[in-house]
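Colleague: I would like the entire structure built from these sequences, with the hints used as guidance.
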Amino acid sequence: MHIIKQSSKMKRYTQLIVVSGIASSLGGFAYAHEAHNQMLQMNQASQQQMVVMETSKADHHKHEQSKLAYSSDVQDAEHSHHNEHGGQIYQSTSLENAWTVDEDGNGSVSTELKTWVGTDENKIFIKAHVEKAESEKAETEAMTLYSRNIADFWDIQAGVRYQYQPEHQLDQDQWSAVFGLHGLAPYFFETEAYVFAGQDQRWQLSLETSRDLLFTQKLIAQPYLNADVVLSDESKYAKKSGLSKLQTGVQVRYEINKKLMPFVDVAYAYLKGAEQTPWQAASESEKGWLYATGLTLKF
Amino acid sequence: MVNVTGKPVQRITVNGKFIAPLLEFEEGDEAVIHVHNQLKDQDTSLHWHGLLLPGLMDGVPGFNGFKGIKPNGSFEYRFKVRQNGTYWYHAHSKGQEQDGLYGPLVIYPKGKQPVAKHENAERDYVVMLSDFHETKSDKIMANLKKSAEYYQNQRETVADVWSQVKDQGLKATWQDRSMWNQMRMLKTDLSDVTGYTFLVNGKTPQQNWTGAFKVGEKVRLRFINASAMSFFDVRIPNLKMMVVSADGQPVQPVPVDEFRIGAAETYDVIVEPTQTHYQIQAESIDRSGFAIASLQKEMKPAQHTVTMPAARPRALLTMDDMGHGAHVQDETSKMDHSQHAEMDKSKMDHSQHTQMSKMAMNHNAHGEMDMGDMNHKSHADMNMSQMHHHSDKQQSSMSVTNQHKPQAVQGWANASTPVGHKALQYTDLRALTPQPDTRAAERELVIRLGGTMERYIWTIDGKKFSDKDFEPLKVQYGERIRLKFVNESMMAHPMHLHGMFMQLENGQSAADMPNKHTVIVPPGKTVTALLTADELGEWAIHCHLLYHMSAGMMSKLIVANVNEAKTATQPTSTPVQPSTGESHAHH
Numbered sequence: 001m002h003i004i005k006q007s008s009k010m011k012r013y014t015q016l017i018v019v020s021g022i023a024s025s026l027g028g029f030a031y032a033h034e035a036h037n038q039m040l041q042m043n044q045a046s047q048q049q050m051v052v053m054e055t056s057k058a059d060h061h062k063h064e065q066s067k068l069a070y071s072s073d074v075q076d077a078e079h080s081h082h083n084e085h086g087g088q089i090y091q092s093t094s095l096e097n098a099w100t101v102d103e104d105g106n107g108s109v110s111t112e113l114k115t116w117v118g119t120d121e122n123k124i125f126i127k128a129h130v131e132k133a134e135s136e137k138a139e140t141e142a143m144t145l146y147s148r149n150i151a152d153f154w155d156i157q158a159g160v161r162y163q164y165q166p167e168h169q170l171d172q173d174q175w176s177a178v179f180g181l182h183g184l185a186p187y188f189f190e191t192e193a194y195v196f197a198g199q200d201q202r203w204q205l206s207l208e209t210s211r212d213l214l215f216t217q218k219l220i221a222q223p224y225l226n227a228d229v230v231l232s233d234e235s236k237y238a239k240k241s242g243l244s245k246l247q248t249g250v251q252v253r254y255e256i257n258k259k260l261m262p263f264v265d266v267a268y269a270y271l272k273g274a275e276q277t278p279w280q281a282a283s284e285s286e287k288g289w290l291y292a293t294g295l296t297l298k299f
Numbered sequence: 001m002v003n004v005t006g007k008p009v010q011r012i013t014v015n016g017k018f019i020a021p022l023l024e025f026e027e028g029d030e031a032v033i034h035v036h037n038q039l040k041d042q043d044t045s046l047h048w049h050g051l052l053l054p055g056l057m058d059g060v061p062g063f064n065g066f067k068g069i070k071p072n073g074s075f076e077y078r079f080k081v082r083q084n085g086t087y088w089y090h091a092h093s094k095g096q097e098q099d100g101l102y103g104p105l106v107i108y109p110k111g112k113q114p115v116a117k118h119e120n121a122e123r124d125y126v127v128m129l130s131d132f133h134e135t136k137s138d139k140i141m142a143n144l145k146k147s148a149e150y151y152q153n154q155r156e157t158v159a160d161v162w163s164q165v166k167d168q169g170l171k172a173t174w175q176d177r178s179m180w181n182q183m184r185m186l187k188t189d190l191s192d193v194t195g196y197t198f199l200v201n202g203k204t205p206q207q208n209w210t211g212a213f214k215v216g217e218k219v220r221l222r223f224i225n226a227s228a229m230s231f232f233d234v235r236i237p238n239l240k241m242m243v244v245s246a247d248g249q250p251v252q253p254v255p256v257d258e259f260r261i262g263a264a265e266t267y268d269v270i271v272e273p274t275q276t277h278y279q280i281q282a283e284s285i286d287r288s289g290f291a292i293a294s295l296q297k298e299m300k301p302a303q304h305t306v307t308m309p310a311a312r313p314r315a316l317l318t319m320d321d322m323g324h325g326a327h328v329q330d331e332t333s334k335m336d337h338s339q340h341a342e343m344d345k346s347k348m349d350h351s352q353h354t355q356m357s358k359m360a361m362n363h364n365a366h367g368e369m370d371m372g373d374m375n376h377k378s379h380a381d382m383n384m385s386q387m388h389h390h391s392d393k394q395q396s397s398m399s400v401t402n403q404h405k406p407q408a409v410q411g412w413a414n415a416s417t418p419v420g421h422k423a424l425q426y427t428d429l430r431a432l433t434p435q436p437d438t439r440a441a442e443r444e445l446v447i448r449l450g451g452t453m454e455r456y457i458w459t460i461d462g463k464k465f466s467d468k469d470f471e472p473l474k475v476q477y478g479e480r481i482r483l484k485f486v487n488e489s490m491m492a493h494p495m496h497l498h499g500m501f502m503q504l505e506n507g508q509s510a511a512d513m514p515n516k517h518t519v520i521v522p523p524g525k526t527v528t529a530l531l532t533a534d535e536l537g538e539w540a541i542h543c544h545l546l547y548h549m550s551a552g553m554m555s556k557l558i559v560a561n562v563n564e565a566k567t568a569t570q571p572t573s574t575p576v577q578p579s580t581g582e583s584h585a586h587h
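Residue numbers (the numbering used here), protein chains in the order written: chain D, 1 to 299; chain A, 1 to 587.
Worth double-checking, as some hints may not be accurate.
[Said to hold, decoys possible] List of simulated lysine to aspartate or glutamate pairs, EDC-like, C-alpha gap at most 16 Å: (1) A/Lys146 / D/Glu190; (2) A/Lys474 / A/Glu454; (3) A/Lys146 / D/Glu121; (4) D/Lys218 / A/Glu156; (5) D/Lys240 / D/Asp200; (6) A/Lys463 / D/Glu121; (7) A/Lys484 / A/Asp469; (8) A/Lys468 / D/Asp200.
[Said to hold, decoys possible] So, partial list: chain A residues that the calculated Cβ filter (under 8 Å) puts toward chain D: (9) Asn15; (10) Ser93; (11) Ala142; (12) Asn153; (13) Gln182; (14) Gln425; (15) Thr427; (16) Arg430; (17) Thr433; (18) Thr452; (19) Glu454; (20) Ile457; (21) Lys464; (22) Ser550.
Keep in mind that the hints were calculated from the coordinates and are not lab data.
Being a predicted model, the structure only gives us computed values, none of them experimental.
Each residue gets a CB set at the ideal place from its N, CA and C atoms; glycine is no exception.
Modeller: In structure tokens form, the structure reads like this:
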């Protein structure tokens, strides 16, 4: 500590303050466990070894000072300070890995990545989903979205979706435009709703919503509903139009901490099936229970 | 490296010390403070909190031409000390305040003569309360932005809803909860960040900062809440405190048993201890822990183990706190309140035993702990000690408590003050000497405080400081202004004005209104203060919860001579209404 007081006759106190990161852990330890000689607390500052600073006699007229500052280009200095009061860039990423089994014992593994980076107003969202059923090749879906805050709880989003379906003979790559809404609906429903417009007159809606129910602060159930509606589809591997997929269930997670959350998931799913086309046979609708277990990582 | 909680972490030091040193001045001095920034890659700044000084010396980067202090750079603060009292200083750059860049600043009256007879005291101690976190400030902010519930570990569970349904019926429960659900707010959001270890003068409860006294002496305690995010209910069991100063400004003495202190506020109290030992207990209002210190009779051996007091019940926010007036105070919650009060009292009497060491251990683990459980456990322990002691009168009320098992009380302002105890209210504060300016306000500036927890965005008049269309508040030099803080959010905001004192409209006459540099605006409430704009310059006005300010809850009040600097536009003004009693702070 380098605080010095000059003689009180001078009626001027000079303080030297050195702001620093910490040097050694040993030293730090000593400071933190400094003798509990508390009665000296008030006097410590004045008892410290001083470094005398040279001081001028300049007298200060506050009005002059502030006027001066006022006329200077304040905008400039302010600019750098902006970022510290609401203009900062943040990010959030979650990675959900799951092992799912259906009623017939067919298993699949999936990984879902969700990440955003940006300010309160403008963000980039990236979402990717890779799913591999047993004895099939992995299917991939990825979206990149620009997200603009439009209301306290809502963002509108626009971007592109890419799908890769290696089981298909043709048109393995599919691109769609995406437009949607992302936010927190009343009653704490985390909600995402998108419209997709793709090649071959593929028009599709999707809705995902979920809500947390706390059993304890760490054991949390999350009922959810995911629905896909096909408005039209003239692709080679078209799905039947109408409600093409519905999955509703409960994911129960245990938040070991806010970064590591194992979960189990029980859901009921309905798939309407595929349309008859020259490239595929029609398929019947399927429905049944899904059981999953997995791990969510957030960072 | 700093090691406060047992885990060494990297923090900021001043002159090699974690928790910056006490700076002492005398009124009339010229203060010269030379600040050298040794931080590797960040700018820094120091702000003298509560001091009247030229704008450039106020130390807010971007204001009055002050540009911060660059790495390896220096800045010489130099100003005439025009006041006395208890103040503090802290960084005004990013989250450096949380990371340790704060310290007390005490200005003694000229010749160290007390400003009034009742302020005569043989001892004078700073009691600086603060909140230490093992996570660095920038990381805490990032976590809040990832999920505003990141640190919410006292949320209500399915079981809480179920017990409410059982107690009040489905309909009442639905009515109570639907509004909260529609607003997407949590009743339990008393503090945004948890996991703090609360410190007194940089010491943990176990390190137990201790001030000595002799019986017969008067002791002045200068309480400073230097927390980044925490409010405290402060009490010294069995010791009456006489409040003599608020925010460094002398007030007519008010004898109290406890007071609530918001982030950035200060209160000076005078106590006359007679017992061998007293414990200073500053409990965070979310009841997640205590800052603990002791007063110890000189020459008496100190107790070796620190006994942690049991937590008071935490408050749940009500519709009233949301500013949705229709709050019905139901009888049961009122009763719970008084019963708890009794318990708190009984706890003091019987507390020296096993229960307390248990509590002390709990405290260490409180980062990971379920706080709901903690409340519960402490009740249970209390009941047990009660049994052993067969104590007299309180038995009956304790057994009632057993049946009902209350875990929370209603309303932000409910500190669970024991019946018959006096808690300081803003309305109690009266300036010691008459205010020089007793003019009515010429104009009213409405300052709306808002935000959403979900996105962790906090605003003044709907704007973040960083917004492109942010407009500073402009007032004429010498103008008399009413600042009307309207809290539209469900959190309390300690609103701090730099460079000038506000006269809090607390129901006292204009001459008696107390000076404040920070006023707590409780959730859903309106608080007004008068201001004589007699300091030219640009002054920050912001919420002193660090992460609210970081999220944007800051504005700029420009005091200018409009005739000279033709820049000022006519600010939007509303007709001045006569002061009414309804908007006074009750905290």
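Colleague: Determine for every hint whether it applies to the structure shown.
Modeller: Checked hints:
no.: 1; hint: A/Lys146 / D/Glu190; verdict: holds, 14 Å
no.: 2; hint: A/Lys474 / A/Glu454; verdict: violated, 31 Å
no.: 3; hint: A/Lys146 / D/Glu121; verdict: holds, 14 Å
no.: 4; hint: D/Lys218 / A/Glu156; verdict: holds, 12 Å
no.: 5; hint: D/Lys240 / D/Asp200; verdict: holds, 14 Å
no.: 6; hint: A/Lys463 / D/Glu121; verdict: holds, 12 Å
no.: 7; hint: A/Lys484 / A/Asp469; verdict: violated, 22 Å
no.: 8; hint: A/Lys468 / D/Asp200; verdict: violated, 43 Å
no.: 9; hint: Asn15; verdict: holds, 4 Å
no.: 10; hint: Ser93; verdict: holds, 7 Å
no.: 11; hint: Ala142; verdict: holds, 6 Å
no.: 12; hint: Asn153; verdict: holds, 5 Å
no.: 13; hint: Gln182; verdict: holds, 4 Å
no.: 14; hint: Gln425; verdict: violated, 30 Å
no.: 15; hint: Thr427; verdict: violated, 32 Å
no.: 16; hint: Arg430; verdict: violated, 28 Å
no.: 17; hint: Thr433; verdict: violated, 23 Å
no.: 18; hint: Thr452; verdict: holds, 5 Å
no.: 19; hint: Glu454; verdict: holds, 5 Å
no.: 20; hint: Ile457; verdict: holds, 5 Å
no.: 21; hint: Lys464; verdict: holds, 3 Å
no.: 22; hint: Ser550; verdict: holds, 6 Å
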